[in-house]
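Chemist: For reference, the chains in residue letters:
2 protein chains.
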Amino acid sequence: MPRETVVDSRQEILRTAARLFQQRGYDATSMNDVAAALKLSKGGLYHHFQSKDEILFEIMNHAMEITQERVINPVRGIADPEERLRALIRLHIEVVLSPRDREITVMLHENHPLPPALRKRINARKKDYIHFLENLMAEVQKEVQKTVQKTVQPAQFAKGKVSPRAAAFALLGMINWIYQWYKPEGELQAQTLIPQFTDLIFGGIFA
Amino acid sequence: MPRETVVDSRQEILRTAARLFQQRGYDATSMNDVAAALKLSKGGLYHHFQSKDEILFEIMNHAMEITQERVINPVRGIADPEERLRALIRLHIEVVLSPRDREITVMLHENHPLPPALRKRINARKKDYIHFLENLMAEVQKEVQKTVQKTVQPAQFAKGKVSPRAAAFALLGMINWIYQWYKPEGELQAQTLIPQFTDLIFGGIFA
Numbered sequence: 001m002p003r004e005t006v007v008d009s010r011q012e013i014l015r016t017a018a019r020l021f022q023q024r025g026y027d028a029t030s031m032n033d034v035a036a037a038l039k040l041s042k043g044g045l046y047h048h049f050q051s052k053d054e055i056l057f058e059i060m061n062h063a064m065e066i067t068q069e070r071v072i073n074p075v076r077g078i079a080d081p082e083e084r085l086r087a088l089i090r091l092h093i094e095v096v097l098s099p100r101d102r103e104i105t106v107m108l109h110e111n112h113p114l115p116p117a118l119r120k121r122i123n124a125r126k127k128d129y130i131h132f133l134e135n136l137m138a139e140v141q142k143e144v145q146k147t148v149q150k151t152v153q154p155a156q157f158a159k160g161k162v163s164p165r166a167a168a169f170a171l172l173g174m175i176n177w178i179y180q181w182y183k184p185e186g187e188l189q190a191q192t193l194i195p196q197f198t199d200l201i202f203g204g205i206f207a
Numbered sequence: 001m002p003r004e005t006v007v008d009s010r011q012e013i014l015r016t017a018a019r020l021f022q023q024r025g026y027d028a029t030s031m032n033d034v035a036a037a038l039k040l041s042k043g044g045l046y047h048h049f050q051s052k053d054e055i056l057f058e059i060m061n062h063a064m065e066i067t068q069e070r071v072i073n074p075v076r077g078i079a080d081p082e083e084r085l086r087a088l089i090r091l092h093i094e095v096v097l098s099p100r101d102r103e104i105t106v107m108l109h110e111n112h113p114l115p116p117a118l119r120k121r122i123n124a125r126k127k128d129y130i131h132f133l134e135n136l137m138a139e140v141q142k143e144v145q146k147t148v149q150k151t152v153q154p155a156q157f158a159k160g161k162v163s164p165r166a167a168a169f170a171l172l173g174m175i176n177w178i179y180q181w182y183k184p185e186g187e188l189q190a191q192t193l194i195p196q197f198t199d200l201i202f203g204g205i206f207a
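Residue numbers (the numbering used here), protein chains in the order written: chain A, 1 to 207; chain B, 1 to 207.
Simulated from the structure, these hints should not be mistaken for laboratory data.
Every residue gets a Cβ at the ideal spot worked out from N, C-alpha and C, and that includes glycine.
The following label-pair restraints were derived from C-beta to C-beta distances:
| id | chain 1 | residue 1 | chain 2 | residue 2 | range |
| --- | --- | --- | --- | --- | --- |
| 1 | B | Pro116 | A | Gly77 | 42 to 52 angstroms |
| 2 | A | Arg10 | B | Pro113 | 25 to 35 angstroms |
| 3 | A | Pro195 | B | Gly44 | 53 to 63 angstroms |
Please work from the sequences and hints to get the whole structure.
Modeler: Set out below in structure tokens:
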């Protein structure tokens with residue numbers, strides 16, 4: 001089998017399994033159910049994945065890959081910290097709302113039991129993203145403070161009361177929570193949501 | 001049995017069940033497991049709840065009661081919209097971080113399958129809270145715009161680019177996401193988190 005086909009069918013399995021896990025619950029979905037939904041034999045499925053735990057881990061790992069490739073990597077090249085943060089907000093919201101990947105990425109937030117060693121690997125990748133975002137927040141705040149120092153009297157300096165860490169968690173909460181309320185037919189879509197969440201992060205609700 | 005005792009033991013059952021559901025997963029936890037953890041006979045448990053679905057529904061319903069009693073009701077009496085929003089942020093974060101209720105309230109966000117009629121009732125209560133918050137955001141924005149109009153030139157008016165609805169979802173995301181990263185031994189606790197999230201909502205990351 002050419003490598004492309006193998007990769008495609010693995011991703012196809014992960015997407016189908018993710019959808020079943022969300023519809024029926026992880027425990028209530030068997031390997032047989034996954035195979036049947038894919039019109040695969042049980043052997044065909046086990047050829048790709050040896051257990052349901054492995055599928056769940058690979059779904060979560062794939063979700064982190066998507067974040068790496070479509071959010072982190074593209075913004076790394078942006079020199080200006082503020083522009084980098086604006087791009088990150090936009091790209092992360094686009095990933096979360098992507099119809100193709102939504103079933104995969106949403107699984108990151110379900111606290112299904114995963115064997116400790118696998119859970120640890122996912123958590124390590126999540127932590128890397130949080131640290132990346134935390135450092136970016138710190139850079140943006142520092143950059144703005146420099147600008148402010150040049151133009152404003154000392155008494156009016158930005159106080160920096162919101163720590164980079166709290167800001168990072170706040171932004172992740174805003175974005176990762178979208179799946180809880182998002183409706184494909186609703187008013188709030190990527191193009192309306194991205195500028196509003198960006199303005200809120202940069203200037204609060206009075207932006 | 002005096003009414004107080006009945007209520008207490010129902011809440012005790014809900015708390016224990018919520019903890020088991022989170023530790024083992026909803027599907028993997030049986031009514032027998034719940035009864036055993038409470039040192040109740042299966043009959044004793046069924047005296048209070050007829051099914052696992054009923055327990056899950058009552059956990060979620062109780063979580064919404066807690067939100068009603070400890071967040072919505074106390075803030076209703078606050079005349080000034082900005083103060084009302086500040087109080088809501090503080091009280092909601094306190095509920096989410098309350099060691100006693102955390103196991104109950106976190107269950108609101110697990111997308112376990114619930115029979116449609118019961119799911120509908122929980123969703124209706126969630127929607128009520130979102131609308132309450134959305135209206136409050138609109139009031140706060142309006143109030144501030146009035147003040148701004150008195151003191152600032154027209155060109156500098158707050159533009160109100162963040163809609164009350166997007167602001168409501170953003171705040172709910174920030175707060176309801178806390179359970180995903182919160183650590184009792186971590187630096188970010190209620191007293192440090194409340195002012196930072198409040199500042200971020202009112203003024204963004206440069207507040």
